[in-house]
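This is what each chain is made of:
Protein chains: 2
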Amino acid sequence: MEKIEDKNQQQEEEQVVNPWEVSAKEGGKIDYDKLIDKFGCQRLDQSFVDRVQRLTSRPPHVFLRRGVFFAHRDFNDILDAYERGEKFYLYTGRGPSSEALHLGHLIPFMFTKYLQDAFKVPLVIQLTDDEKCMWKNLSVEESQRLARENAKDIIACGFDISKTFIFSDFDYVGGAFYKNMVKVAKCVTYNKVVGIFGFTGEDHIGKVSFPPVQAVPSFPSSFPHLFSGKDNLRCLIPCAIDQDPYFRMTRDVAPRIGYHKPALIESLFFPALQGETGKMSASDPNSAIYVTDSAKDIKLKVNKHAFTGGQESIEKHRQYGANLEVDIPIKYLNFFLEDDAELEHIKKEYGAGRMLTGEVKKRLTEVLTELVERHRRARAAVTDVMVDAFMAVRPLPNMFD
Amino acid sequence: MEKIEDKNQQQEEEQVVNPWEVSAKEGGKIDYDKLIDKFGCQRLDQSFVDRVQRLTSRPPHVFLRRGVFFAHRDFNDILDAYERGEKFYLYTGRGPSSEALHLGHLIPFMFTKYLQDAFKVPLVIQLTDDEKCMWKNLSVEESQRLARENAKDIIACGFDISKTFIFSDFDYVGGAFYKNMVKVAKCVTYNKVVGIFGFTGEDHIGKVSFPPVQAVPSFPSSFPHLFSGKDNLRCLIPCAIDQDPYFRMTRDVAPRIGYHKPALIESLFFPALQGETGKMSASDPNSAIYVTDSAKDIKLKVNKHAFTGGQESIEKHRQYGANLEVDIPIKYLNFFLEDDAELEHIKKEYGAGRMLTGEVKKRLTEVLTELVERHRRARAAVTDVMVDAFMAVRPLPNMFD
Chain A
979 MEKIEDKNQQ QEEEQVVNPW EVSAKEGGKI DYDKLIDKFG CQRLDQSFVD
1029 RVQRLTSRPP HVFLRRGVFF AHRDFNDILD AYERGEKFYL YTGRGPSSEA
1079 LHLGHLIPFM FTKYLQDAFK VPLVIQLTDD EKCMWKNLSV EESQRLAREN
1129 AKDIIACGFD ISKTFIFSDF DYVGGAFYKN MVKVAKCVTY NKVVGIFGFT
1179 GEDHIGKVSF PPVQAVPSFP SSFPHLFSGK DNLRCLIPCA IDQDPYFRMT
1229 RDVAPRIGYH KPALIESLFF PALQGETGKM SASDPNSAIY VTDSAKDIKL
1279 KVNKHAFTGG QESIEKHRQY GANLEVDIPI KYLNFFLEDD AELEHIKKEY
1329 GAGRMLTGEV KKRLTEVLTE LVERHRRARA AVTDVMVDAF MAVRPLPNMF
1379 D
Chain B
979 MEKIEDKNQQ QEEEQVVNPW EVSAKEGGKI DYDKLIDKFG CQRLDQSFVD
1029 RVQRLTSRPP HVFLRRGVFF AHRDFNDILD AYERGEKFYL YTGRGPSSEA
1079 LHLGHLIPFM FTKYLQDAFK VPLVIQLTDD EKCMWKNLSV EESQRLAREN
1129 AKDIIACGFD ISKTFIFSDF DYVGGAFYKN MVKVAKCVTY NKVVGIFGFT
1179 GEDHIGKVSF PPVQAVPSFP SSFPHLFSGK DNLRCLIPCA IDQDPYFRMT
1229 RDVAPRIGYH KPALIESLFF PALQGETGKM SASDPNSAIY VTDSAKDIKL
1279 KVNKHAFTGG QESIEKHRQY GANLEVDIPI KYLNFFLEDD AELEHIKKEY
1329 GAGRMLTGEV KKRLTEVLTE LVERHRRARA AVTDVMVDAF MAVRPLPNMF
1379 D
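For the record, the sequence lines run as chains A and B. According to the working numbering, the first sequence is numbered sequentially starting from 979. According to the working numbering, the second sequence is numbered sequentially starting from 979.
Heads up, a few of these hints could be off.
Each pair may be met inside one copy or between any two copies, as identical chains are not told apart.
[Stated by the list, open to error] List of simulated lysine-lysine pairs, DSS-like, C-alpha gap at most 27 Å:
| # | residue 1 | residue 2 |
| --- | --- | --- |
| 1 | Lys1239 | Lys1114 |
| 2 | Lys1339 | Lys1130 |
| 3 | Lys1114 | Lys1170 |
| 4 | Lys1114 | Lys1185 |
| 5 | Lys1170 | Lys1274 |
| 6 | Lys1141 | Lys1185 |
| 7 | Lys1170 | Lys1185 |
| 8 | Lys1339 | Lys1012 |
| 9 | Lys1012 | Lys1170 |
| 10 | Lys1016 | Lys1098 |
| 11 | Lys1239 | Lys1007 |
It should be emphasised that the hints constitute simulated quantities derived from the structure, not laboratory data.
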């Protein structure tokens, strides 16, 4: 009995963050400081924000200056190299498990788009349709269909086609990419992946085989049509921090097979409407705002489901003000309301009780509706021909211009 | 202590046969009946030999009529289908771990060449350079070089280029082939591959990932340029019985992903010169006759290293005769001396002590020298252009003619 209690206690105390599960300890929220310690990455402090601003001669993205991207690995090496006049390339991706993306899914792409524009560098985007086929038990065909649908949402984020290669694993695995997969797999024991990813003996071997697939886009030689003769090109990976385990493994292997370790810049999770205990979930439609939601949907979801820090009566609210620490509308505005002055004003007034929850929710609804409408218009303009063009295996002769 | 003794005793008693190790129990030889029981395959009896002769209207290959290919799985289904007028395709392969092949390596190819000619069917030959890169710790480049060198030896066996596609995994994995790998991997747990192949936690994940690579050439959809629209085409795999574990796994998975189970026809191991306790080893040059050995090498190896059942003195030999059961020259002649009458004569005379070991060795040297010389001449005529032609990803419009 004692042993079982110990185990339950430990489970309650521990947050779980891996590529398939993000959950805070009971009733709490994700402790990002602990995560940084546990994963062994670095905090991205203000000096980085200032340096990026100086190097790119443009204002840092709101996600950078407000700490949405809050952790990194060797981002300083990327900036050092860039300052010496060396270029790098960006690598990000998505597991296409659902037709409609939610706002949390857009965050790495919005940020990657900024990085591409600011640093003027090429970008590879991996759609892990093989992963979703294996983890979600989708058919090959359905995984590929979702990959193409998701590609349209990604393209709608505004990537530069002359600098961007999007690929699906089912289409692209082979050749130099497969050779690198084998090189990586040779360097990682089964015990090691169990330690990193928590696989069990009853998991199928597709799961055990997958980590090298997500690892090798970190190596320029996986893309001979893009980076032939550029084996020393550095790679920077913007992603949510739950993907860190893949790249810890990749960074461990890289020098043993003659490549640079990829650098990482990692984001917080975008919280669920119901509160910040994890990231948004595609399986609970009321936990998230989708890019397919109508203005009416958004209004309803924000009004009905957003967890707030407002007080239970107007009188108490006027007296004590809102608890901004737990307030989801404030957190969402922190991601998407670009005007720093307006955000500060709202936080001050709402925190002091002079602004009511309904007013904040109304402003959030406007901001999200505008964002979603803008995305929808952009996505509607993405044709199948454009998807084919982004996904064509081709050289990108102007990718460093 | 008792437990340890038990384990030692068990190890002594058990023969080990898997794709990477073949060893009889201490001092004994491989017990093929036990192997058939353990693996769950069927013995290939005389009725099959007769049936093949009748269906193909040609004498059965010496390897068939002398029981070198001695076991099968569902070979009857292949013959039933063939009798109904349905075609099938052949799949065999090689792990290119060494530059020079020995005679044991040639056996499946010699037999497959006979099957291709007799049944007039297409053939795919897999060179698992990825496997050897992972198991033997060769570089990608060296594995690929060995694959091409081995392809020359394989082509020298006389395959029909209009019916034969040779591929290396490093070149060919991708597309439909990769999709089938993922489908297979989804159906096999880690515990399952541990049970089949004996992997441990300290083995690298490349090993765990490999079985689907060897599985999927069993499915026609892995070769869209050959078998598009022929998903129901049956597959027959001629191989040595140590490869059975791969195809037990494949057969288990096949119906779950909508394919026929591949049929198998499986051979004995070709014994080492030193005696029949295992198969020839590429790592001990004196255990095997290589296709690169000179007539002088062959004579020396046969005379010096071949284990015989002759008696220790001529007097005793004349009196007791040779023990044919353990005699390697007789075993080798059983594989390669095609004249049944001459073989019977030698066995009778040698067994009765009227023929001496030296005489049998001399005849074996002649037979092997002729075989090796013929192979060497054929291989010398194989150009790089021919290798490219056999390995070109192409349709084979006349493959069923």
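A quick look at each hint next to the structure:
1. Lys1239 <-> Lys1114: Classified as between; 26 Å across copies, 30 Å inside a copy.
2. Lys1339 <-> Lys1130: neither (30 Å within a copy, 73 Å between copies)
3. Lys1114 <-> Lys1170: So Lys1114 and Lys1170 pass the 27 Å test inside a copy (23 Å) and across (21 Å) alike.
4. Lys1114 <-> Lys1185: Answer is both; intra-copy 11 Å and inter-copy 24 Å each pass.
5. Lys1170 <-> Lys1274: Answer is neither: 48 Å inside a copy and 51 Å across each miss the 27 Å cutoff.
6. Lys1141 <-> Lys1185: neither (31 Å within a copy, 36 Å between copies)
7. Lys1170 <-> Lys1185: both (14 Å within a copy, 14 Å between copies)
8. Lys1339 <-> Lys1012: Close neither inside one copy (31 Å) nor across copies (75 Å); limit 27 Å.
9. Lys1012 <-> Lys1170: within (22 Å within a copy, 37 Å between copies)
10. Lys1016 <-> Lys1098: This pair counts as neither: shortest intra-copy Cα distance 33 Å, inter-copy 62 Å.
11. Lys1239 <-> Lys1007: Answer is neither: 31 Å inside a copy and 51 Å across each miss the 27 Å cutoff.
Hints 2, 5, 6, 8, 10, 11 from the earlier list are contradicted by this structure; the remaining hints agree with it.
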